[in-house]
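A.B. asks: Residue strings, one per chain:
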Amino acid sequence: GQNIDQPTEMTATEGAIVQINCTYQTSGFNGLFWYQQHAGEAPTFLSYNVLDGLEEKGRFSSFLSRSKGYSYLLLKELQMKDSASYLCAVSGSQGNLIFGKGTKLSVKP
Amino acid sequence: SQTIHQWPATLVQPVGSPLSLECTVEGTSNPNLYWYRQAAGRGLQLLFYSVGIGQISSEVPQNLSASRPQDRQFILSSKKLLLSDSGFYLCAWSVLVGAGELFFGEGSRLTVL
Numbered sequence: 076g077q078n079i080d081q082p083t084e085m086t087a088t089e090g091a092i093v094q095i096n097c098t099y100q101t102s103g104f105n106g107l108f109w110y111q112q113h114a115g116e117a118p119t120f121l122s123y124n125v126l127d128g129l130e131e132k133g134r135f136s137s138f139l140s141r142s143k144g145y146s147y148l149l150l151k152e153l154q155m156k157d158s159a160s161y162l163c164a165v166s167g168s169q170g171n172l173i174f175g176k177g178t179k180l181s182v183k184p
Numbered sequence: 064s065q066t067i068h069q070w071p072a073t074l075v076q077p078v079g080s081p082l083s084l085e086c087t088v089e090g091t092s093n094p095n096l097y098w099y100r101q102a103a104g105r106g107l108q109l110l111f112y113s114v115g116i117g118q119i120s121s122e123v124p125q126n127l128s129a130s131r132p133q134d135r136q137f138i139l140s141s142k143k144l145l146l147s148d149s150g151f152y153l154c155a156w157s158v159l160v161g162a163g164e165l166f167f168g169e170g171s172r173l174t175v176l
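Protein chains in written order, with my numbering: chain A, 76 to 184; chain B, 64 to 176.
Bound conformation, chain A alone:
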């Protein structure tokens, strides 16, 4: 079967660093995506990993280990506007994205 797991909720403090983990089991692998979704809005693309290692993009970084079926999204210097749900998604052998249920991040002052 295909399964993507990520924590349901997380809380962090403004200015801090937070790591959101994602583990996956899929038939085939063509890449892993992270999306940000503010309440009531559509998801927006954050990052894409297809090879092992860390991809850095400003305050956000994403890491992938294909052998472990594991990824994380790292958010640095947290801001209040980072309060949102973060969706992990994997492209499997069928070519379509399979999404996790998302991690709701609350940033507190």
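Please note that the accuracy of each hint is not assured.
[Stated by the list, open to error] Listed below are the simulated DMTMM-like cross-link pairs for lysine to aspartate or glutamate, each with C-alpha atoms no more than 25 Å apart in a straight line: (1) A:Lys156 with A:Asp127; (2) A:Lys176 with B:Glu122; (3) A:Lys179 with B:Asp134.
[As the list claims (entries may be wrong)] With the C-beta cut set under 10 Å, the calculated list includes, among others, these residues of chain A facing chain B: (4) Gln112; (5) Ala117; (6) Pro118; (7) Gly128; (8) Ala164.
Hints listed in this document are in silico derivations from the structure and should not be mistaken for laboratory results. Backbone N, C-alpha and C define an ideal beta-carbon position, used for all residues, glycine too.
Chain A is already provided as a structure; the job is to place chain B on it using the hints.
C.D. replies: Chain B alone, transformed into the frame defined by chain A:
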């Protein structure tokens, strides 16, 4: 630049009534098109995708259907809505199936009463 629009943004429908959600993409040709549903407490569920006019693939058996009458138009329909059809419906497009970024429309929130 490419844009994607879907409508209506919000609708409240009685059980048993029909549904039509429309999505259009501008600024690109032959996009891959998708309909997702996001129900409360659940992840984004792929309902349908299309790689070309008249080509529709269904991911899950359900009360819904999709059509692609034109290259950049994707329609989600139902003849008779069920309570379980309530949710946030998202249209999306991509250049490559599965291997590229998905660009989402604004979403349509459907409440079936």
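A.B. asks: All hints, please: hold or fail.
C.D. replies: Results of checking the hints against the structure:
For a cut-off of 25 Å, the pair hint linking Lys156 of chain A to Asp127 of chain A is broken: about 29 Å separates their Cα positions. Taking the CA atoms of Lys176 of chain A and Glu122 of chain B, the gap is near 18 Å; set against the 25 Å cutoff, the hint holds. Note on Lys179 of chain A and Asp134 of chain B: the hinted pairing is violated, with a Cα-Cα distance of about 36 Å set against a maximum of 25 Å. Proximity of Gln112 of chain A to chain B holds as hinted, the smallest CB-CB distance being about 9 Å (cut-off 10 Å).
Given the 10 Å rule on beta carbons, the hint for Ala117 of chain A holds: about 4 Å separates it from the nearest Cβ of chain B. Look at Pro118 of chain A: its Cβ gets to within about 6 Å of chain B, closer than 10 Å, so that hint holds up. About 18 Å separates the beta-carbon of Gly128 of chain A from the nearest beta-carbon of chain B, more than 10 Å, and the hint is not met. Given hint, Ala164 of chain A at the interface with chain B, holds; its Cβ is 8 Å from that chain's nearest Cβ, closer than 10 Å.
The earlier numbered hints that this structure contradicts are 1, 3, 7.
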